[in-house]
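S.K.: What follows is each chain in one-letter form.
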Amino acid sequence: MTASVPLTEALDDTAPPRQAWWKALLRDRAAALALITLLSIALAALLAPLIAPHDPYEGTRSVMQPPVWAERGDWTYLLGTDGQGRDILSRLLYGTRLTLLIGILSVGLGATVGSLLGLLSAFYKRIDPYVMRFADVMLSFPAILLGLALVAIFGPGALPVIIALSIATVPDSARIARSIAIGVMEQEYIEAGRAIGLSDRTLFSRYLLRNSISAIMIFVSLRFGQIILIGAALSFLGLGARPPAAELGMMASQGRDFMLFAPHIAFIPSIAIFVIVLAANITGDAIRDVLDPRLRS
Amino acid sequence: MTALLTVSDLQVGFQDRGRIMRAVDGVSLSVDRGRTLGVVGESGCGKSVTSLAIMGLVPQPPGVIQGGEITFDGKNLLALPPKEMRALRGGRIGMIFQEPMTSLNPVYTCGEQINETLRAHGMSAPDKARARAIELLDLVGLPSPAKRIDDYPHQLSGGQRQRVMIAIALANDPDLLIADEPTTALDVTIQAQILQLMKDLQNRTGMAILLVTHDLGVVAETCDDVVVMYAGLVVERASTASLYSDPQHPYTIGLMAAVPRITAKAERLDTIDGTLPPPWVQIPGCRFAPRCPLATDKCRAEQPPMREITPGHQVACWFAPIDERITTP
Chain U
164 MTASVPLTEA LDDTAPPRQA WWKALLRDRA AALALITLLS IALAALLAPL IAPHDPYEGT
224 RSVMQPPVWA ERGDWTYLLG TDGQGRDILS RLLYGTRLTL LIGILSVGLG ATVGSLLGLL
284 SAFYKRIDPY VMRFADVMLS FPAILLGLAL VAIFGPGALP VIIALSIATV PDSARIARSI
344 AIGVMEQEYI EAGRAIGLSD RTLFSRYLLR NSISAIMIFV SLRFGQIILI GAALSFLGLG
404 ARPPAAELGM MASQGRDFML FAPHIAFIPS IAIFVIVLAA NITGDAIRDV LDPRLRS
Chain A
358 MTALLTVSDL QVGFQDRGRI MRAVDGVSLS VDRGRTLGVV GESGCGKSVT SLAIMGLVPQ
418 PPGVIQGGEI TFDGKNLLAL PPKEMRALRG GRIGMIFQEP MTSLNPVYTC GEQINETLRA
478 HGMSAPDKAR ARAIELLDLV GLPSPAKRID DYPHQLSGGQ RQRVMIAIAL ANDPDLLIAD
538 EPTTALDVTI QAQILQLMKD LQNRTGMAIL LVTHDLGVVA ETCDDVVVMY AGLVVERAST
598 ASLYSDPQHP YTIGLMAAVP RITAKAERLD TIDGTLPPPW VQIPGCRFAP RCPLATDKCR
658 AEQPPMREIT PGHQVACWFA PIDERITTP
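Chains as they are written, first to last, in our numbering: chain U, 164 to 460; chain A, 358 to 686.
Isolated chain A (complex conformation):
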């Protein structure tokens, strides 16, 4: 079976005073129906731009899609006429955002906003739309949906708003849900509830989920497969189990070490030295080399290709496969 969504060698740049900065530089990934793919990386590594590109929402200008292909259910999204792309957005592809506090239109009630999605995709009967809106709010676990439907966003809490956002994204039974940091702005207990909700809904509807996050804990809980991004590139791709048990890229290993643990005795948190290179800096070799404890001259000179280490586990690093003990101090 071919994957529902395939992104291959996507390149997105942003124009700035004549120069073009590459935010995404050859990203490939794919998601199947009923599966969840996590896209992990630091802020600014290009993960949000990738998800916006899939939705056709990269602002152009200043954004430029410079190459690659995005295939959704056999259709090349980059070549799709705007009208068909609009029909996909909110129709077969739903999206939820990071900030539930600001991603709902403050002047309309929850019900009106769900109806808007339904209307934009062909459902016009108002009483049917209202019944569907209540059903959706019930589905996402909003208490007393028949009353809440007439509430304005400011009358709801953050977690409730994110539930409404999910209801909007799910209104037209999408095949793919793109969630861009859906739980980052929520506190931990609500976070767990929202993730659980997304999982339950996936079990029910069989949709694919693309989860963009910087939180490795969230990935471990929800994703089947993971893609690790660094500076606009995918550096490691694996199933969640394989990635956690046997991280291969020094960046991934560094990320794992930087997760605070209750059991650890250490007083100081391990960090990765340095910062993500800004997009206008050209790094000839491996982009992680300047921050990598293992970097050699070869790393600095030549970009490592993606190689399969074990079945389904790919890494872009000259050292792979590596024994984890080398890098842990």
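For reference, chain U alone in the conformation it holds in the complex:
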């Protein structure tokens, strides 16, 4: 090659203009704040057994103790105690643990299976009618009912809730992933990918999946918020976590009885749910932007 000399020189001064994805994520201030919030909540939940100041399940005599900043507040119970005299801070830490577990597992399982089904049915049009009829049947089955049925089988607890919510997430994410993927399949680069001799597997993962994932992420993050709320609602109805286990939705529901005298018992877990859902949605949005090079710059 005649041009090899200037080429090697040029090679040396290549400064890739690309940013690491996490740098791009942190540059967006709202996203960075949301991500840090989410991570610290997750960390606190993870470390609950180590940092919880009291036993979350053992009741005491100091019932309905207000939080420390209120009148009659006490440093022993930073966020006060609930109707049975249990430390709210400790229950909050343990409750977040269970809530996050339910949210992450349900969305993780459900959206992964559902999105794969949706993407595959857009990729292999032969299986499309079958997958979609299957999704339709599943869609017509309410999650709450499914939850009730599973509770009847397994008894109340986190497991049936996770299974029910995963199953309920499958058809939604299959439908959404399919409609996104159909749009991607019509793009000329899919055909161009075929024209350079790529295998179906490469085409699926590097072309279809990679171009659909950022839009699917939006759904996943929205769904994560929804799932936490539905999970909380199921616990609220007494279908989820079994007392005395702590779960944010259940804590809120138990606090309902004391709304007039000790509103903090219901408010504190509700605020925690609100913060988690909000942070998850903002983070999801930012992840979408980061995954798409066109939106990164």
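The hints are simulated quantities; they were obtained by calculation from the structure and are not laboratory data. This structure is a prediction, so every number in the text was calculated from the model and none was measured. Some hints here could point you the wrong way.
Stretch-level coverage of chain A by chain U, calculated; a stretch enters the list once three of its residues show a Cβ under 8 Å from a Cβ in chain U [said to hold, decoys possible]:
1. 438 to 446
2. 457 to 464
3. 467 to 477
The calculated DSBU-like cross-link candidates involving lysine-lysine, where the alpha carbons are at most 35 Å apart (straight line), are [stated by the list, open to error]:
4. 432(A) <-> 485(A)
5. 485(A) <-> 186(U)
6. 432(A) <-> 288(U)
7. 432(A) <-> 556(A)
8. 485(A) <-> 440(A)
9. 556(A) <-> 655(A)
10. 556(A) <-> 504(A)
11. 556(A) <-> 440(A)
12. 504(A) <-> 186(U)
13. 485(A) <-> 504(A)
14. 288(U) <-> 440(A)
Even glycine gets a Cβ: it sits at the ideal position worked out from N, Cα and C.
Chain U is fixed; fit chain A onto it per the hints.
M.R.: Quick look at chain A alone, frame taken from chain U:
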């Protein structure tokens, strides 16, 4: 010497609610090494389907290859196992598309996409692949290729993207380049540059080019031979010089007349009346008869066969050879 690519009597149909529509109905053509064949025709005449069939990319279903043979370097492509066909695509046969804006994968850099082609065809060393990618980008005339290699498609202009597409198509030194309307989406100056580039690359590598286009100007500039298609059929086949100096089929003559000219005084552009018949309409005789100014009852009843008028110049028309003056008003 036998031709590098020979398509004979290719028939491709598409299923639609039980019926099969013929998009390509007996197309024959051939390209030699180092030569450029232009395939010309209106939108919907079957020229893109022909090029997709050569690549083995006709979506099946709904597409059906109903007959014919495609021979590439002695191998019958229609009978090739999928794995070998995949090795040919992007390997010995490269393809570029009409829309440079959408034919690059938006989530990968140019370099990654060139590497992908190299990887799919056996080159695995990353640093070697990168050097080759830069070399290719340099070859297709992209300025400062060592920097551009890390650009995403959206950071490039249309002409630059088409250059990257060409680099991808050429990555594995193909013997045949299929270009489906490669310049249609580009503006005229860029068009000329891209065509020139393809010609230069052909001179260097000796590859054959199959150029699908509806633009007679592009054909005149770049092709050695031309095939004119109408409604899924080849109606005229000739060397470029012969076709332009002495067009024989009334459709070709009509196409030539419809090209706007700077020198012409006429205010109105000549057009061919009517439209291409939709594929589900069966026309018993010559398919161009409904739009042809010369059509007779014989034309409407019987399909004219391909006949050689002068050496290398074949026409499917009962009137050939015709004097051009008859048809020009």
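S.K.: Tell me the hint numbers this structure goes against, listed in increasing order.
M.R.: 9
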